[in-house]
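Participant: Throughout the sequence shown, residue numbering follows our numbering, covering 12 to 770 in sequence.
Hints are supplied without guarantee of correctness; some may be wrong.
[What the hints assert, rightly or not] Below, a list of computed lysine-lysine pairs in the DSBU-like style, where the Cα atoms sit at most 35 Å apart: (1) K255 to K171; (2) K375 to K392; (3) K225 to K266; (4) K410 to K222; (5) K410 to K396; (6) K225 to K396; (7) K225 to K255; (8) K266 to K690; (9) K218 to K690; (10) K383 to K218; (11) K171 to K690; (12) K383 to K225; (13) K266 to K222; (14) K375 to K158.
These are calculated hints, taken from the structure and not from any lab test. Just so it is clear, the structure is predicted and the values come from calculations on it, not from any experiment.
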Amino acid sequence: MEQDVLLAGSVNGASQDYGSLSGKEHGGAPGSGRRRSCTERDADAEELYIQQAVVLIEDAIQYRSINHRVDARSLRLYRWYYSRICQWGLGLTIAVLLLLAFVERPSSLSISSDPRHHSSPWEPPCGLTESIEMVCLLIFSLDLAVKGYLIGWEEFRKSKWLIGYTVVLSFSIIDWVLSVSMVCDEKLRVRRILRPFFLLQNSSMMKKTLKCIKRTLPEIASVILLLALHLCLFTMIGMLLFAKSEDPKNNGEWKLHFRDLPNSLTSLLVLLTTANNPDVMIPAYSLNRAYSIFFITFSVIGTYCLMNLLTAIIYNQFRGYLLLSVQTSIIRRRLGIRAAFQVLSCQGVQQAAEEHVAVDLVLKVMSRVQMKSYYREAITKEAHKYADVGYMDREQFRKIFDELDKDCIKEHPPLPQYSSPVLQRLQVVFSHYFLTIVGNAVALANVMCICTVLVLNAERSTTERDNYTIEIINLCFILYYLSEMSVKIFAFGFKGYLSYSNNIFDGFVTILLLVLQITIYVTYRLPYSHWDPSTQSAMSLWEMVRLINMLIVFRFLRIIPDIKLMALVASTLFDLVKNLRAFAGILMVVYYVFAVIGIWLFEGAIKPPSEMSVLSNSSMENITSNFSMECGTYEQLEYWPNNFNDFAAAIILLYNVMIVNNWQAFMEAYSRYTTEWSKIYFVCWWLTSSVMWVNLFVAVILENFIYKWDRSHSCSVTDVERIRYETSVQLMFREQIQEPTEEELLCQLNQHPHLHLHW
Numbered sequence: 012m013e014q015d016v017l018l019a020g021s022v023n024g025a026s027q028d029y030g031s032l033s034g035k036e037h038g039g040a041p042g043s044g045r046r047r048s049c050t051e052r053d054a055d056a057e058e059l060y061i062q063q064a065v066v067l068i069e070d071a072i073q074y075r076s077i078n079h080r081v082d083a084r085s086l087r088l089y090r091w092y093y094s095r096i097c098q099w100g101l102g103l104t105i106a107v108l109l110l111l112a113f114v115e116r117p118s119s120l121s122i123s124s125d126p127r128h129h130s131s132p133w134e135p136p137c138g139l140t141e142s143i144e145m146v147c148l149l150i151f152s153l154d155l156a157v158k159g160y161l162i163g164w165e166e167f168r169k170s171k172w173l174i175g176y177t178v179v180l181s182f183s184i185i186d187w188v189l190s191v192s193m194v195c196d197e198k199l200r201v202r203r204i205l206r207p208f209f210l211l212q213n214s215s216m217m218k219k220t221l222k223c224i225k226r227t228l229p230e231i232a233s234v235i236l237l238l239a240l241h242l243c244l245f246t247m248i249g250m251l252l253f254a255k256s257e258d259p260k261n262n263g264e265w266k267l268h269f270r271d272l273p274n275s276l277t278s279l280l281v282l283l284t285t286a287n288n289p290d291v292m293i294p295a296y297s298l299n300r301a302y303s304i305f306f307i308t309f310s311v312i313g314t315y316c317l318m319n320l321l322t323a324i325i326y327n328q329f330r331g332y333l334l335l336s337v338q339t340s341i342i343r344r345r346l347g348i349r350a351a352f353q354v355l356s357c358q359g360v361q362q363a364a365e366e367h368v369a370v371d372l373v374l375k376v377m378s379r380v381q382m383k384s385y386y387r388e389a390i391t392k393e394a395h396k397y398a399d400v401g402y403m404d405r406e407q408f409r410k411i412f413d414e415l416d417k418d419c420i421k422e423h424p425p426l427p428q429y430s431s432p433v434l435q436r437l438q439v440v441f442s443h444y445f446l447t448i449v450g451n452a453v454a455l456a457n458v459m460c461i462c463t464v465l466v467l468n469a470e471r472s473t474t475e476r477d478n479y480t481i482e483i484i485n486l487c488f489i490l491y492y493l494s495e496m497s498v499k500i501f502a503f504g505f506k507g508y509l510s511y512s513n514n515i516f517d518g519f520v521t522i523l524l525l526v527l528q529i530t531i532y533v534t535y536r537l538p539y540s541h542w543d544p545s546t547q548s549a550m551s552l553w554e555m556v557r558l559i560n561m562l563i564v565f566r567f568l569r570i571i572p573d574i575k576l577m578a579l580v581a582s583t584l585f586d587l588v589k590n591l592r593a594f595a596g597i598l599m600v601v602y603y604v605f606a607v608i609g610i611w612l613f614e615g616a617i618k619p620p621s622e623m624s625v626l627s628n629s630s631m632e633n634i635t636s637n638f639s640m641e642c643g644t645y646e647q648l649e650y651w652p653n654n655f656n657d658f659a660a661a662i663i664l665l666y667n668v669m670i671v672n673n674w675q676a677f678m679e680a681y682s683r684y685t686t687e688w689s690k691i692y693f694v695c696w697w698l699t700s701s702v703m704w705v706n707l708f709v710a711v712i713l714e715n716f717i718y719k720w721d722r723s724h725s726c727s728v729t730d731v732e733r734i735r736y737e738t739s740v741q742l743m744f745r746e747q748i749q750e751p752t753e754e755e756l757l758c759q760l761n762q763h764p765h766l767h768l769h770w
């Protein structure tokens, strides 16, 4: 676990205490040359304490390390650096730099990646992408300089990530200079493979996830070694079983899959992923059915036992290390809050038993802290409970910030009040859950009508279909949806209606459906059938009807919140979008690196024969008269668009290999066109993406779903709808997290490199 130390407040090179201030402080406080106690501090000194507390609390909220300067000027720079506009600007810079790979040579700006199409991509002129890249590198240089200043040299040299940031940035600038000096004619841009580092170092969660993966590697390596032994053992057995015989009719298995050691290893490795099953055993199985025992035994042990064991080990180990990472984040939060209390209490020269902080001062600080409004309201409400006493001690101060660890429950506005008894009865009817059930039944009937029409019109062209009948049916359903939306607004009020996420979705789709229906009637004046298909406008009647039906199908998703298990699964998927950003970022980094390496190794390696260079309407037999294609190969399957000729095509090819369906076709093709050693590249990518990352993904899904299931197992459907789960990685492991002790916090406070506290 990384050690978290407190922020430092260096003033003109001098160290500044919370409990006492030096005479040469940046705040311009008087009293130069003498130390002042808390009772003697003036307004400027108190303002500095408030600024320090504000920043420390913001660090605690964001789980940031508080190891930075806390003098007045540095605090202003620090808050500006972590402002939304600066962080968005830095993120945009990283995105622009990474996206340059799609524009740089070889450019991906072409309609098709198929080399049989002679569509030359647009190539940027020399200096265009280089200029954009230099602007990005200058911004990163400024970012590094600001970070270095804020934490100080002593802490800078302790940070491996910042040292790596410096090295990567320096190397990138040097490589950029070489590229410009060679007038963009260099064959190898090494800095391209270093670009993902800028994404990694800018995300603390990605750093923690990467650290967890690094610590999990030994356990993963042990299972992969066992898989390798299993593969080698069965490879040798297979080469003995399917050795070349005197009868050529019995050599099918040997010829196709066990000719030599590399071929045998490759065949069984692909069988481990089930991509070539049952093709790999058909030649032997056709001779003797007993040979199937060999392949079935190999698959059962390797695919179903060892591969699933690998998933279990990754889940167990990664979950433990992720818990340690979350523990570090919690320590950072508690440390920031403890430091903020020490700043506000200014008890550095008093007895610990007398430590307290004024409630008015806490409220003043909270009014300046940048945080979500509902957290601010909750903390402020807790602080007001101590208003009668006028102050709070250390434990009370800590407890008011426990609101940060709580979920946000979405409260719906109260129902509107109607004086008329008739309106009150109608409000009870229209707000009843039965109306939602009826609406779901109507949506189901609507979808069934669409399915029926699609089945009846499956063999008809768009001009032969009876669009008028389906338009009348759609109109009836849309009128019901519109009336349902109206009565719900009447029952719940406009704000109450919008407080339900499914109502927002229903209302949005209903309005779109109504607008499209009105557009159809205005354009074609239905139901009068005087529409001439030959005089179509920009959007034909069929296209409008199809768009309406697509929206209706989407509206059927409204049933999800009303089925408990389905709502649980759907909410898990939505939470994955939030919690898997670090995993997705690391996967994007891996994709980026492998795509760049693939372009370096295999760009232009596969070229279609000249007979296939020009596509025509002639038959395939005529096109390939001088080119024979073996069944199941890269050429026969027409995988030509899957190549490493540009960055976008490389990304798609890597994705296809990660899915492992027919990935042996790519591996075999590039080994034929280049060298047998190219298989190492594809095997490494398979291990990295399909074996490691997919199993990590499964581990996080399991952890997320188990957490949600345990939490909402006793909830009703209305509870699932009422509560908006704000699931985060920290909340997932809340019960397993151990709170740091006061001694641990004080130990880290005393290790602050710039700020010296007196207890």
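Participant: Could you run down the list of hints and mark each one as holding or not?
Facilitator: Each hint tested on the structure:
1. K255 to K171: violated, 56 Å
2. K375 to K392: Measuring from Cα to Cα gives roughly 13 Å; hence the hint holds.
3. K225 to K266: violated, 41 Å
4. K410 to K222: holds, 31 Å
5. K410 to K396: holds, 12 Å
6. K225 to K396: violated, 46 Å
7. K225 to K255: The hint is violated at about 45 Å.
8. K266 to K690: holds, 19 Å
9. K218 to K690: holds, 30 Å
10. K383 to K218: Distance ~25 Å between K383 and K218 Cα, so the pair holds.
11. K171 to K690: Roughly 34 Å between the alpha carbons, so the hint for K171 and K690 holds.
12. K383 to K225: holds, 34 Å
13. K266 to K222: Given pair K266, K222 is violated - Cα atoms ~46 Å apart, limit 35 Å.
14. K375 to K158: holds, 28 Å
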